[in-house]
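Chains as they are written, first to last, in this note's numbering: chain A, 1 to 150; chain B, 1001 to 1439.
I should point out that these hints are in silico values taken from the structure, not numbers from a laboratory. Every value quoted in this text rests on a predicted model; they were computed, and no experiment measured them. Please note: incorrect hints may appear among the correct ones.
Claimed, not checked - No farther apart than 30 Å at their CA atoms in a straight line, the calculated lysine-lysine pairs in the BS3-like style are these:
id, chain 1, residue 1, chain 2, residue 2
1, B, 1136, A, 47
2, A, 112, B, 1136
3, A, 2, B, 1182
4, B, 1298, A, 47
Residues per chain are reported as follows:
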Amino acid sequence: MKEIKIIGIGSPFGDDRLGWLAIDMLKKSNSKDIFCDLIVCDRPGMKLLELLHDADEVYLIDAVQADSPVGTIHRFTIDDVSSSRSLQMSSHGFGLVEALQLAQALENLPPKLIIFGIEIGSINFGINDFIHPLIQSALQKLITNIPKEF
Amino acid sequence: MTKKTINIPIITRVEGEGALDLTIRNNVIEDLKLKIYEPPRLFENFLQGRSYNEVLDFVARICGICPVAYQMSAAYALESIFNFQASSWIRSMRRVFYCGEWIESHSLHIHLLAAPDFLGYPSVIEMAKDHPEIVKRGLRLQALGNDIIKCFGKRSVHPVGACVGGFYSAPDPSDIAALLPKLETGLQDARSLLAWVANLDLPIIHKEQDFPYVSLQHPTEYPINEGVVAVNTANSNSQNQISQIPIHEFLKHFAEKQVPYSNALHCYLQNQSYLVGPLARVNINFSLLPEVIKQYAKDLNLSFPSRNMFHSIIARAVEIYFAIFHAFSVLQNYTYPKQSKHDFTVQAGVGYGCTEAPRGLLWHRYETDENGTIVSARLIPPTSQNQARIEDDLRYSLSEFGLDSSEEQIKHRCEMLIRNYDPCISCATHFLKLKVDRK
């Protein structure tokens, strides 16, 4: 049986919580198609590398800013992030891209890795329960379609 | 007459954000400014009006890399107002808790931030392709540090286990038992790391700078949470001499000063810039390290004290070894306590806490009212204390390096020099006095 992990990455700030919300929705969905580990992370940085172990397939869900319409669902593979270069490398800012590039350099990637990025537009740093309706519907669409990836 | 201006807009591989402006005229440094432009944190003001039992959760959020340090300095300061005497279990476990943070922070700095410099790589990602085992060892050590913190803090990011009076709950003996084999592997990793660092091609300094260095000092142990502030200065015969300052007299000797170009305050010891951090600690406290570590350092031809800032990476590796050794020896004899926290008397007063964060001395002062509400807070982080020293170091070291070097070489040298201090810029910008002139 395949070991599958779905990891929701986020922070407490507004729409940047969407990764956590996705996991929450998956847990509540009671779908028979979801037979995997559901994990949430708060700004994991390098700690993400530990989570990539011991899995055949890993799906990451995170908020992105890619100048696309709010709610756009991007699907990336490691090849899409390999060549990306962030402006600065600090351990406070060790983001998803740097962590995955390091995992790749260490040959520590799972056999299948997909990154789903949902466009949030500008970052709303309010700590509240509000989530943009376009993001809400993108999340619903994503969690419905994820089982088709397995 | 030639003048060149070099601007490094964002210094890579330090915590937070910073920039450096350098003006060179006729091969002499005319002006040098290290600018911190991360949004200032107003923690000293946030804490006013808060209850004492909220302080540790607030201050843990000042820094994602050293939350334990902030919690410990705050706990000790508040407990000194409330007549609290820690049990030996609490005292001992707080040292272990803190060791987790040293291991995690130092490993992260050595492997992700500093080592790429010394091996000639632009980042750890390129370094990992050629030296995967080195980077994996660093990540293993970082994970070990996080595991120790999680044992006591229940999670490693913004840990929640520590409180005024001790810990909310004691780790289960089975959790401690699970940690022991990781600590044993960690000891091997720490020894091989120290040997590797000792053999790095570090820049040689022809003439050491003369500056005081400052750390805690304790009569019987390598200091983490307790002790007096020890200042080492070279006297006129170039002999090291140490003067000791009780922590409540810190402000009689050290003063913070705002500079116009930076959000972070500069700190001076009687108008001199000074060094805090692992190199200062190892310099002052080397004799209190366990014998096996001292002997190993001697076998590797390492000698302290040193004022060569490039030896900071060695000091960090020494401290990783110490922290794992110490945690292992304490936890091998772990016993589950009757109580993980004790009572204290909430009352009005002023208290001081001074502990050794991974980056150096972290000094807290609080005043409380009779309900334990915070009337005022003063937090002096290690990176502020090092700011003036970093600027003085840059002025001196760049002149020694050669100002006729190319702009790219000077830029890289500046970044390496700054990274020696492992400045945690987000800690240092916690305070801003605002003056509004309404016309």
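- Message: Check whether the Cα positions of residue 1298 of chain B and residue 47 of chain A lie no farther apart than 30 Å.
- Response: Answer violated: residue 1298 of chain B to residue 47 of chain A is near 34 Å, above 30 Å.
Residue 2 of chain A and residue 1182 of chain B: Cα distance at most 30 Å? Holds. Residue 2 of chain A to residue 1182 of chain B sits at ~28 Å (cutoff 30 Å).
Exercise for review: Would you check the hint for residue 112 of chain A and residue 1136 of chain B, treating anything up to 30 Å between C-alpha atoms as holding?
Suggested key: holds, 21 Å
- Satisfaction of hint between residue 47 of chain A and residue 1136 of chain B, Cα-Cα up to 30 Å: Roughly 12 Å between the alpha carbons, so the hint for residue 1136 of chain B and residue 47 of chain A holds.
Checked against the numbered hints above, the structure violates only hint 4.
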